[in-house]
Amino acid sequence: MKKYLNNIWLGIYTVLIGMKITFVHLFAKNVTVQYPNKHPLDKAGGDKMPMNARNRIFNDMELCNGCNGCARACPVNCITVETLKVVPGDAPPLKNGEKRGLWVTNYTIDFAKCCFCGLCIDPCPTEAIKMTTEFEYSQYDRGNLLYKFSKMTDEQIKQKKELLANFTAEKAKKEAEAKKAAEQAKAAEAPKPETGDGK
Amino acid sequence: MEHQILTFYDWVAKLSSSELVALILIVTLPLVFLIVYALVAILGELKISAFIQERLGPMRTGPWGIIQPVAEVVKLLQKEDITPDAANKPLFNMAPFLMFTAAYAGFAVIPFSSHFVPAGINLGLFYIFAMGSLAVIGLVMGGWASNNKYSLLGALRSVAQIVSYEIPAAIVILSIVVLASSMNLQVINANQGGWFWNWYVFGGPGSIWKLLVIPFTFGMFLLYLIASLAETNRTPFDIPEGESEIVAGYHTEYSGMKFAMFFFAEYANMFVVAALLSILFFGGWNSPFGDFMNGPIWGVFWFISKSFFFVFVQIWLRWTLPRLRVDQLMGVSWKVMTPVAFLCFFAVGLWAMLK
Numbered sequence: 001m002k003k004y005l006n007n008i009w010l011g012i013y014t015v016l017i018g019m020k021i022t023f024v025h026l027f028a029k030n031v032t033v034q035y036p037n038k039h040p041l042d043k044a045g046g047d048k049m050p051m052n053a054r055n056r057i058f059n060d061m062e063l064c065n066g067c068n069g070c071a072r073a074c075p076v077n078c079i080t081v082e083t084l085k086v087v088p089g090d091a092p093p094l095k096n097g098e099k100r101g102l103w104v105t106n107y108t109i110d111f112a113k114c115c116f117c118g119l120c121i122d123p124c125p126t127e128a129i130k131m132t133t134e135f136e137y138s139q140y141d142r143g144n145l146l147y148k149f150s151k152m153t154d155e156q157i158k159q160k161k162e163l164l165a166n167f168t169a170e171k172a173k174k175e176a177e178a179k180k181a182a183e184q185a186k187a188a189e190a191p192k193p194e195t196g197d198g199k
Numbered sequence: 001m002e003h004q005i006l007t008f009y010d011w012v013a014k015l016s017s018s019e020l021v022a023l024i025l026i027v028t029l030p031l032v033f034l035i036v037y038a039l040v041a042i043l044g045e046l047k048i049s050a051f052i053q054e055r056l057g058p059m060r061t062g063p064w065g066i067i068q069p070v071a072e073v074v075k076l077l078q079k080e081d082i083t084p085d086a087a088n089k090p091l092f093n094m095a096p097f098l099m100f101t102a103a104y105a106g107f108a109v110i111p112f113s114s115h116f117v118p119a120g121i122n123l124g125l126f127y128i129f130a131m132g133s134l135a136v137i138g139l140v141m142g143g144w145a146s147n148n149k150y151s152l153l154g155a156l157r158s159v160a161q162i163v164s165y166e167i168p169a170a171i172v173i174l175s176i177v178v179l180a181s182s183m184n185l186q187v188i189n190a191n192q193g194g195w196f197w198n199w200y201v202f203g204g205p206g207s208i209w210k211l212l213v214i215p216f217t218f219g220m221f222l223l224y225l226i227a228s229l230a231e232t233n234r235t236p237f238d239i240p241e242g243e244s245e246i247v248a249g250y251h252t253e254y255s256g257m258k259f260a261m262f263f264f265a266e267y268a269n270m271f272v273v274a275a276l277l278s279i280l281f282f283g284g285w286n287s288p289f290g291d292f293m294n295g296p297i298w299g300v301f302w303f304i305s306k307s308f309f310f311v312f313v314q315i316w317l318r319w320t321l322p323r324l325r326v327d328q329l330m331g332v333s334w335k336v337m338t339p340v341a342f343l344c345f346f347a348v349g350l351w352a353m354l355k
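Heads up: the sequence lines are chains R and C, in that order. Using the working numbering, you'd call the opening residue of the first sequence number 1 and step up by one each time. Using the working numbering, you'd call the opening residue of the second sequence number 1 and step up by one each time.
If we strip away everything but chain R, and leave its shape as in the complex, we get:
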C-alpha cells in the first residue's frame, strides 16, 4: 500500500518536474538562425557557428606530414594522398618545427563524396586537417568539388622525383660498395679457424 501511494506521488511529482523543465525552455532563447536572411557568421546574424558544426574541411599543407591517417580513417574514401620521400636536408621543416619526412605531392578531398563525419580530424598527428566555417560552396559541376590542397607544381614534383632517384641510386651504390668491402673483409677473415664461438 505504501509503495502504491509512493508510486502515485512519484508519477505526479516527476511529471511536474518535466513540465517545469519544458516551461523554462519555452522562454529560453531560440537557437535558430534565419539562414538565407541572416548569415550565421555575420554580426547581424548575431550568432557564431556552433562548436560542433560540420562544414568544409581544410588541410594546412604547411603542417601536413603526409602520414595518410586521414585517408585511412575516411569511411567514404574521399581523401587521396600521394607522397614522395624527402632527400635529407632538402626540405624545410613543418610549421610546428618537426622534420619533414615526406613531400605531399597530391592531397585531394572530393567534397561530392565527403559525408562530413569529421573522422579524419581525430587521427591527424599534426592537427593539419580541420573543419572550417565555410558551408556555402555549391557547384554546378561535380568536378569543381574536387579540392586540391597540395601546391606543388608538376615541375617541382618531377625535380623532387629526380632528386630522390639520384639519392637512392647513390645510396644503393654506396651500400653496394660497403657490402662489397664488407664481403672482402669477411673473405680476408674467412680462413681463420672457427674457435671464438665455442661451438
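Not one of these hints is a red herring.
Once the Cα atoms are required to be at most 30 angstroms apart in a straight line, the calculated DSS-like pairs of lysine-lysine come out as:
(1) R:Lys29 with C:Lys47
(2) R:Lys3 with R:Lys20
(3) R:Lys2 with C:Lys210
(4) R:Lys20 with C:Lys47
(5) R:Lys38 with C:Lys75
(6) R:Lys148 with R:Lys130
(7) R:Lys113 with R:Lys151
Read the hints as simulated data drawn from the structure, not as lab findings.
Starting from the known structure of chain R, fit chain C onto it as the hints suggest.
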C-alpha cells in the same frame, strides 16, 4: 432554470424580430469559433513545440508564420482524396465526418457566457460526455474500414483506451453532479459564482469545513485532466496513433480533406474537454475576482481564456512526456485512477450529505 434571463437568443430574436435568424446565428457562431480556434490551436501547437525545443517554428508564411495553419489547410484541400480499393467505402468515407460531428456536437451545450449557450438543456453534462464517447465510433469505423493492419491495431487500442478511461472520467463527472446537484452546465457555472475559492476545484461554495474536501476535489481535477488527455488521444496517451509503432494508427489510409477532418476533430475534442475542465472545476464564465470584470461579455473572455489555458496545458504536456506503453496505460487507468476516483466520489458524496 427557474430564473429567466434574457439570453443572446432572445436578444437577437427581438432585434431581428425573427426566430429563424436567431436560430441560424446561434448555430453558426460555435462553428465559426471552432474554425478560428482550430487554426489558432494548430499554430499554437507548432509554435509551442518549437519554443520548447528552442526553435522558432514556422517563420515564412506571413509575419512570424502566423498564417501557417491556413497554408496547411489549403494544402490538405488540394491533396488527392484517396479511397483504398480494399476499403469498405461507405464506412471509410463516413468515419472522419462522424468523428468531427461528434466533436462539434459537444459544442451545442457549452455555455460561452451566462447569456449565451446554444442549447441550455438540463442534461448538458450527460450529453457532452455521451458525445465525447461517440468519437470512438468514428475512430473504430475508420480503423476497421481502412482494411489495414496498422489502422485496425490503432482502432483496437483506442477502444481499449477510451473504454478504460471513461470510467474514472464518468465517476469524476458524477462527483461534480453530486456537488452541484444539477447536470445543467449553466447551473453548475452559476453555482461557482463569486470569488475563485468558490470554484469546484476548491470544493465549491461552503463554510470553512470545505477545506476537508479540497484534496478530493483537486484530485478529481487531476483525474479528469488525465482522463481527458486519454479521451482526446493526446500524448502521453496517443497509442492509437503511435507513429513510431503503427505508422499513424487509425488514420493511416486517410488523405486530403478526410484527414483534415480527423485533424479538426482532434482539436475540437481538445477544446471540448478543456471547456469541460474549466466549466466543472474553474467556474466557467465566472470572473475569479468577484464582481470585478464580471458579466455576460466578460464571461466570454473568462471562459475562453480558461479553456485556452487547458488547451495550452495539453500541448505543453504533449511536448513534455513520452508515450505510455499499452500495459502501463491500462495499469494507470484500472489500478490507480478508477480506485482513486471511487474514493473521491465517496468523500464528495459524504461531504454533500453532511454539509
